[in-house]
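Novice: Residues per chain are reported as follows:
There are 2 protein chains.
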Amino acid sequence: MLYSIFLICSINKESIIDVEGFVRTVDQKIESCSQHDVELHCEQVWVVSSAAPRLPLLIEDAVRPETDDALATVNQDTRLDNRILDLRTTTNQAIYRIEAGVCKYFRDYLMEKDFIEIHVPKIISAASEGGANVFTVSYFKDKAYLAQSPQLYKQMAITADFDRVFTIGQVFRAEDSNTHRHLTEFVGLDLEMAFKFHYHEVIEVIGDMFVHIFKNLRDNLQEEIETVGRQYKSEPFKFLEPSLVLTYKEGVRLLRDNGVDMGDEDDLSTPAEKLLGRLIKQKYDTDFFILDKFPLAVRPFYTMPDPTDKKWSNSYDMFMRGEEILSGAQRVHCPDLLSERAKEKGVDLEHIKSYIDSFRYGAPPHAGGGIGMERVTMLFLGLDNIRKTSMFPRDPKRLTP
Amino acid sequence: MLYSIFLICSINKESIIDVEGFVRTVDQKIESCSQHDVELHCEQVWVVSSAAPRLPLLIEDAVRPETDDALATVNQDTRLDNRILDLRTTTNQAIYRIEAGVCKYFRDYLMEKDFIEIHVPKIISAASEGGANVFTVSYFKDKAYLAQSPQLYKQMAITADFDRVFTIGQVFRAEDSNTHRHLTEFVGLDLEMAFKFHYHEVIEVIGDMFVHIFKNLRDNLQEEIETVGRQYKSEPFKFLEPSLVLTYKEGVRLLRDNGVDMGDEDDLSTPAEKLLGRLIKQKYDTDFFILDKFPLAVRPFYTMPDPTDKKWSNSYDMFMRGEEILSGAQRVHCPDLLSERAKEKGVDLEHIKSYIDSFRYGAPPHAGGGIGMERVTMLFLGLDNIRKTSMFPRDPKRLTP
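Chains as they are written, first to last, in this note's numbering: chain A, 44 to 444; chain B, 44 to 444.
By construction, these hints were calculated from the structure, which means they are not laboratory data.
The structure displayed is predicted, hence computed values, not measured ones.
Yeah, the Cβ is synthetic: ideal placement off N, Cα and C, and Gly gets one too.
Any given hint could turn out to be false.
Among chain B residues calculated to face chain A with C-beta under 8 Å, some are [as the list claims (entries may be wrong)]:
#1 Ala94
#2 Ile141
#3 Tyr148
#4 His162
#5 Leu189
#6 Gly306
#7 Thr313
#8 Pro314
#9 Leu318
#10 Lys326
#11 Tyr327
#12 Ile399
#13 Met434
#14 Pro439
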């Protein structure tokens with residue numbers, strides 16, 4: 044529809060228009076627009092697509108810092124219920140460009156290091172980790188499950204001689220957790236590699252990969268990071284090169300020195316993780332670190348025990364701003380040891396027979412890990428909720444849009 | 044375990060060994076190995092991981108051309124049941140490197156053209172295309188579905204101002220089809236873009252993208268393509284630059300001229316598609332072509348009708364070796380027309396209310412399409428079964444490994 048100049052103010056907000064006119068330079072700098080030196084003299088305006096007259100939320104409210112008490116802001120459910128409007132804010136436009144960057148730099152680094160991208164099934168015949176927290180699917184006349192992790196398939200690709208693999212795809216967790224950092228469906232950035240002498244080769248690759256991601260985000264998406272910071276204030280993300288690696292024991296010592304009462308082999312609670320992040324930030328000035336050699340007791344049966352002391356294991360977690368964003372380990376690649384460890388952990392050998400059997404035809408020592416894409420984006424930007432970095436989030440209470 | 048030189052022949056095939064020794068040049072070229080000019084003088088051999096003494100299949104059988112009648116080959120189910128051994132063939136090592144290339148060149152081209160990578164949910168609250176052929180998931184106390192296509196979410200990203208998006212992810216189809224080209228779970232390479240003047244801008248981008256993929260596979264993965272060709276013979280894949288675009292009408296005329304009895308607006312049967320592929324190869328010497336302007340009657344309700352003649356639509360399919368690998372269209376972006384088209388097609392408006400509502404706040408004209416990754420790899424290489432290009436395929440009868 045062609046509009047006369049006098050009717051333009053009647054066009055609904057958020058409509059899409061075509062404009063025919065002339066761009067003219069101006070004598071006086073225009074302060075109220077993002078273009079300071081030119082203005083557009085319209086001759087004709089067409090409405091390509093008209094928005095409904097009443098919008099469920101206003102973009103200017105949705106982009107306002109939550110600390111700005113005097114003016115309206117938009118709560119999270121209203122945002123998510125009207126996600127296509129909410130996503131139009133400059134903040135969200137920036138967040139999802141940064142998230143695309145996380146994936147790009149993850150892949151770029153790994154492909155440069157001879158990793159091969161693979162794709163693995165999400166519908167599986169047996170619940171991967173014992174059956175808890177798994178979604179059930181009707182599969183023709185059978186029952187199937189949604190994969191909680193691509194781990195078995197990454198490992199099979201390694202035993203199938205692919206040497207170094209990564210895969211990006213949905214991960215499903217039927218956990219009834221309504222926290223700031225849990226989703227029932229998220230994007231896993233997973234990698235697995237055979238190593239030559241020691242699993243620390245893998246820690247080094249993953250640590251360097253994170254540095255590659257952080258540096259490229261910082262250098263190539265600076266404007267987007269600043270845009271997000273205007274709505275959601277946070278300290279710039281700090282990291283060291285090479286990455287800081289501490290042992291679990293060192294981490295626990297640091298916590299104990301600061302008043303936390305815990306034993307050497309106790310698992311880290313979420314508050315303890317948070318505190319450890321703050322202590323390490325104070326001491327080493329980094330928001331990213333790696334914790335190596337977790338107690339064997341707190342890790343799954345497929346984790347390789349430390350060959351010199353079975354109290355410990357060849358496993359590691361990685362943290363951003365005191366929250367875990369990667370959990371990984373050297374995996375047991377010997378079927379006999381795997382059966383033994385499963386028995387010790389009380390895992391039913393019948394349920395994991397095919398997993399164990401997949402190591403019977405020659406399997407190289409290997410290690411890997413899985414990263415939550417949304418968590419990396421959230422924590423890099425210092426955001427407070429994972430729903431801000433999942434375009435269409437899924438949690439126990441939200442299945443739409 | 045350290046082995047003496049005399050016991051090496053007792054090491055089981057497919058075991059993984061470490062060798063310590065010296066590389067020495069030789070006077071006479073060695074014909075029986077891939078290294079012709081040097082040989083390895085072992086001093087010590089360790090078995091890192093021992094394979095079971097009996098293998099369910101032999102790699103030399105698994106890599107043999109199926110035309111070689113005199114010697115053993117391995118049938119598909121045995122291969123898939125023992126996938127980690129089967130994947131060790133040079134052929135499979137090559138196939139999955141080529142498939143990784145398909146994804147890489149798809150992304151590279153689109154990112155170069157300012158497309159943004161997005162991730163969209165696979166668990167959805169309503170069956171996307173009316174409820175047929177959809178897998179059901181138990182979602183806590185509710186019922187949910189596995190997405191048959193990311194289309195709605197790509198379109199929402201477009202209406203949310205992202206302008207050009209792509210997404211790579213699992214697509215689920217509960218079709219009980221046991222054919223050479225159907226899987227219940229496959230990887231979709233999907234894209235969607237707003238255009239300025241005409242949906243042919245989108246056809247051009249997608250056509251150029253395929254040329255980019257084909258050229259890079261041909262030039263950068265030549266050795267892998269030859270390796271696959273040694274086991275599975277086929278003609279090299281041919282394509283034109285720019286891509287050949289024919290109208291549906293022209294396609295039907297070509298078929299009619301060659302004895303096929305069909306009306307202007309009849310849908311193409313699979314055999315007709317195959318024949319059309321052969322006729323176009325003869326006439327234009329290309330294995331890739333685009334068929335534009337399908338009859339409106341054979342396309343879904345969300346397809347934009349041709350504005351000049353409602354018999355036709357702004358929609359297209361793309362073909363490789365006579366098989367469809369992309370289906371796409373300009374989408375209806377106006378909620379009133381969308382409701383009208385749904386009614387004409389007998390679609391229940393209640394079920395698609397949220398789909399229609401997503402266009403109520405300003406939506407630019409846009410078009411896109413979805414590509415089956417495994418099909419592209421299969422047809423580029425001239426393979427006869429999609430199970431050869433899915434690392435761990437899923438069909439109505441196979442859920443393992």
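Novice: A separate judgement is required for each hint: does it hold in the structure or not?
Specialist: Against the structure, the hints:
no., hint, verdict
1, Ala94, "4 Å, holds"
2, Ile141, "11 Å, violated"
3, Tyr148, "12 Å, violated"
4, His162, "5 Å, holds"
5, Leu189, "7 Å, holds"
6, Gly306, "35 Å, violated"
7, Thr313, "23 Å, violated"
8, Pro314, "27 Å, violated"
9, Leu318, "32 Å, violated"
10, Lys326, "36 Å, violated"
11, Tyr327, "33 Å, violated"
12, Ile399, "12 Å, violated"
13, Met434, "6 Å, holds"
14, Pro439, "6 Å, holds"
Hint compliance for this structure: hints 2, 3, 6, 7, 8, 9, 10, 11 and 12 are not met, and every other hint is.
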